[in-house]
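Dock the two chains into a complex; use the hints.
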Amino acid sequence: MIIRPYGDTTGDGMVQLSFTLPIPHDKRAEGAALQLANRMGMDPAMLVHAKQMGDGYTFFVVYGKVTHLVDTDQVQVVERDFPLLSAKEVNAAVKRGLRRRLSVVGACIGTDAHTVGIDAILNLKGIAGEKGLESYPELAVTNMGAQVSVPDLVETARERKADAVLVSQVVTQRDAHLHNTRAMSAAFREALPAGKRPLLIVGGPRFDELMAADLGVDRIFSRGTTPREVASYLVHALVGGSK
Amino acid sequence: MAGKLDLDAAVVARARELAARAGQPVVDLARSHTTVSVERAVLRLAGVRGADPDGIPWVNRLVDAVRADVGLEHGVAVPVFHALAGSGVEDVTVLAQKAAAGSVRFSLPSGKAATTARRLAKRATAAGLRTVDRRRAERDRMIKRYGDPRQRPWIYLIVATGDIHEDIPQAQAAARAGADVIAVIRSTGQSLLDYVPEGATREGFAGTYATQENFRLMRAALDETSKEVGRYVRLTNYASGLCMPEIATLAGLERLDMMLNDSMYGILFRDINPIRTFVDQRFSRQIHARAGIVINTGEDNYLTTADAVDAAHTVTVSQLLNEFFAHEAGLADWQLGLGHAFEINPDLPDSFRLELAHALLARELFPEAPLKWMPPTKHMTGDVFRGNLLDGFFNLAGALTGQGILLVGMMTEAVVTPWLSDRDIALQNVRYVLNGAGNLHEDFTPGPFIRGRADQVLSEAIGLLERIVDDGLLNAIADGTFGIMKRPADRGKGLDGVVATGADYYNPVSEEL
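Top to bottom, those sequences are chains B and F. For the first sequence, position 110 (counting from the first letter as 1) is numbered 110 according to full-length UniProt numbering, and the numbering increases by one without interruption. For the second sequence, position 188 (counting from the first letter as 1) is numbered 188 according to full-length UniProt numbering, and the numbering increases by one without interruption.
So that you can see chain F by itself, here it is in the shape it has in the complex (with noise of 0.2 Å):
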């Protein structure tokens, strides 16, 4: 359905190549860079499990351990295997947990000492790699066993008790009742948690929280319902916040299918370090495009603080950098869930044609991306009947314009967490409109507003882009240019976790990657 807008071809080649050009010293500063949490990614991959009686995982402690004996500027691979070979442990968890009592002391070998080390953890880290691997051809098998959903978009369904053995019912009978993709919303807090937590959980606050295990149990729950409804139900979690890269990784582990994974989220929304989060972000990419997870960005937030008609040429921004930070990482275009909203105020003349005009630029610009479209949120007042048409329109857009991946939009929005009612009732909302409208997009040709629409945004995208050219992405974000906070690089949280990387940085997973 690509042509409808006749967008300029130069013009869209144009807004990359800026895209390109300030996205390239981001980049060159993730490549020369690393972090606490992507040291502990490369330990993961190397098989250190659990966590110490207070729940702080054995990584971090290793992390730290190595961090005070000779530094992270050099990666933690080559001491932490160097010292494995020379302390007669088997295992690195082992070894971690010596370094932790204080029974180990790391060091930097050279020579023959370092080459052995190096090739120790390669192959440590290779087997972990090998996992991702199994699990994505597992994927590939039951997805060719079950099949994909049989419409687009998507159905895209969120649960958040904070109870993992309550979100597993919940889950599967969301996907019963017809959702595509299952979302894990986390704990509120997580993102701003330096270590992941280990186990099974009960408890969190507005979400659960994201760990190994629980991404284990649900996704061999929703493998079973996958079985029973004979499509694969697909799970989605957040690879975002401090620990980004061992997130992905955790997720690569346990055949996780999507990730919510943005390159400015945490900047702006989380007030987490700019460098930090560039530097997680690339490693966490870099995972996903190995483990064939499709990532989701978060452009739909931009529109949740700043006017959605104003600031609708930020997310196309956002979006363009999102495309260049992915497609440097390794990922390709069926990978990139950019996100997108309906936000605008209902009560503007044409909103809706407006909204057609922004969602039908998003899938021009990205032909092949399957587009994460989101539910109104910022005008849903509490008049839950108001809200449910909201939702038809909503579902009516994204139908009418192509979109991938539809989060289903709940009337009860920012009332309570969505009741099994609620859910059913917004199921009910997008299969009337599927069922009814689904091949609408057919008939529907834009006119002259919504064509001059998308021009405009595109333009006015451009504009913004060559300002960002000229400043520096890092400077733009210091300056508030998104959202309208002000990000300087030398601030924020996690910072203390970034170091700058030696001539003899070793790091066996990137080397793979």
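The shape of chain B in the complex, shown without the other chains (with noise of 0.2 Å):
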């Protein structure tokens, strides 16, 4: 289906754009902000608003007709592979599904002491707004902090009973992070049989989520995950797909 924005009357394509210049608000600036608008394939452009901060800076709100065409079959989206599920229900799925809490292990490995990555996705702060794993009641958490050595991490997930060993590599001089990744599910191919190996995953702003099978771990999570998220993924690979 092609499709066009809607203002008020169907295919006009009117959308509305706000942004900052970074010159002060004369006549000139104003122009400057309707070439962008027309670049931007507005046309015409209708400069509404104009608004000097500061010394050199003008923001200003555009609306204007769009002259692009959209085709929804020519959408491409790249779908999870698994159901994004709230804090309610992730709990609710582990006390349904496992009859117990959920054991997390999490840790930076290696020399990396940037607990930024694991924090986030574990502290009860958390990030962008949702709270860490900390805060499901039917996860049992254990944060071992930065520069855990293997054999402690394979030990604490042991004693953990872990269901899930997260490990965060931020730091990536000489490919540590790929080293250090396949180091650890080494370890844990070794210490654990099959059936017992906690879930292996590794998160860090540098990995390349398709890498998984060549590290030997079972996911990879790239920059911009939240909790939720790997939550979400530990109820879809922990306790099955079931809701």
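If you are wondering where the hints come from, they were derived from the structure by calculation, not from laboratory data. Think of the CB as a built atom: it goes at the ideal place given N, C-alpha and C, for glycine as much as any other residue. Incorrect hints may have been included.
What the hints assert, rightly or not - Pair by pair, the computed Cβ-Cβ distance ranges are:
id : chain 1 : residue 1 : chain 2 : residue 2 : range
1  : B       : His179    : F       : Ile143    : 54 to 64 Å
2  : B       : Gly54     : F       : Arg49     : 31 to 41 Å
3  : F       : Arg491    : B       : Arg158    : 16 to 26 Å
4  : F       : Pro25     : B       : Glu155    : 34 to 44 Å
5  : F       : Ser107    : B       : His179    : 43 to 53 Å
6  : B       : Gly224    : F       : Glu73     : 45 to 55 Å
7  : F       : Lys486    : B       : Leu98     : 11 to 21 Å
8  : F       : Glu512    : B       : Leu98     : 51 to 61 Å
9  : B       : Leu98     : F       : Ser107    : 54 to 64 Å
10 : F       : Ile143    : B       : Leu17     : 40 to 50 Å
11 : B       : Asp26     : F       : Arg431    : 17 to 27 Å
12 : B       : Gly224    : F       : Arg431    : 30 to 40 Å
See the structure below:
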């Protein structure tokens, strides 16, 4: 289906846009704002508001008709292969499916001292307005912090009967994140038989999400992952897809 | 504007008495322990500066060396100044360097040598405290010269670029645009570092590291801007996490004006050991009291985890505990920026009336405190238009209930770190409300709904305080009474930095405070 934006009449193509240009407000600035709008495909564009901020910036609001058409049949989306659950749904699913708390052990391994990632996912504080896994009553979370050795991680995972192990790697110098991850997954393979091994998850801003098999882990999460996504994945992988 | 809720004075007195009973055992605990960070703060006041080539501050190296030789139960002051007297070194930083290299050993003197070491330690830390006093006098002078903001609430804005040299022009621009208080958000993760980074820093995660040099640079820049705009622009940072006492000390030395400093935030939200937190917090509040710094407490955080209606009384309980701990540490009412927030689900019927009830309750329970009023975050969805409206109602509630410090809400909360235009629109929102309705509180008399709700929250708070008194505050924290986190006293980060003090413990700074 071919569509255009809708203002108040089908097919009118009207959109609104706001932005700041790094110049003081004058006639030339308004012309520059319209030029930008035109180049973004708005024609005609109406400058409805301009306001200088401080010495050298101007804020604009522009309304206008976009010339572009959109074909909904050509839209490509990358589908997440598991449903995104709310915190409530995650807790309910674990309660129903496991009948016990799901044990998660997290750590930064190797020399990596950047706990930013693991804390964002695990700490109550969380990230982007989402609370971390600690806030889920049905998840028993152990956050081992930074610079954890692989043997310590394996030992703690065993002791806590971890269902899942989360490892965060931020430092990527000389591919440290890849080496560390391979060492970690190998250690778990060696220490525990297949049925007893926890789900292995790594995360970090520079991982390629397609490398899971190569690194010997079950899942890779990349930049922008939120606690809820991780929790939903845990339910998907450990409790089963049933909601 | 006190008295609109007709709170029963006997009930209010009962709430305070319960808070004191709940808090006292924790104060006793704090008085009988020290921590690595308290001892490092003492050394900072005594003049230890700088860091080793790996960026580990000399105060850390020195405390570690003393601890290895004689333990910390006596305090670092005596062994350090005894070693200084015996080594022929003049400067404590040089002593720290020698100690790190292993060329100085520490021991505990007795008799006359101990008296001498105490006297030397006292003289050195007194010089540090004199600097703190001078900074305070300097602030008083500048406020006299440039003046306070013309309106209440004061307008509080955040900058958070990660780079101090980017933060400075942004902070100055925000002050010119109307901000009365600038807060520099710290880098994610700094709260869990057991040392304070050194120097001017240009990279942080979602915030800028709190360092002495960053404090100095920002304060100097805002002094310039204060002169330019004709009002004293205040600077805020965070005395929280594992280095609370040291950061409080650095704030005192560099004339910061407000510090985030909550009694339980680190325990609940950062899993820092409860005893570590209470010991560190008491010392840091003593420093804040001396430095004339206004603390901001973090009750808003409870409402981001729990439901803002169901958990309203936990905010009141925490405010009462924060007040008790603050008074005990020597802070005056004008220094208590007790926190609370506008976090009720806006889809709830009468949500705004409930907000007014909660905000008025805080106002009337703490009539002399400059309450810190925090904007909506939990129900900001990315719909920036609705967010701007919500922020407008937040501003209105702030004006209507006489809040002291208003943290400006951003319509792009939960979307991006604020853009220049977001801040401009947010300030325009605040100005419109304060201009148009700043004195509306004169015409506003709450009816039975708001009064009833305030009574209900207060009585729930008393119920919870009674349970805490019975149970013990540390047990209550261990059982997950606040937020939903269970934090036992023998767990959490930074526990190995806590030491029970011996009979001969000596801390020249605590003695002075």
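Hints the structure fails to honour: none
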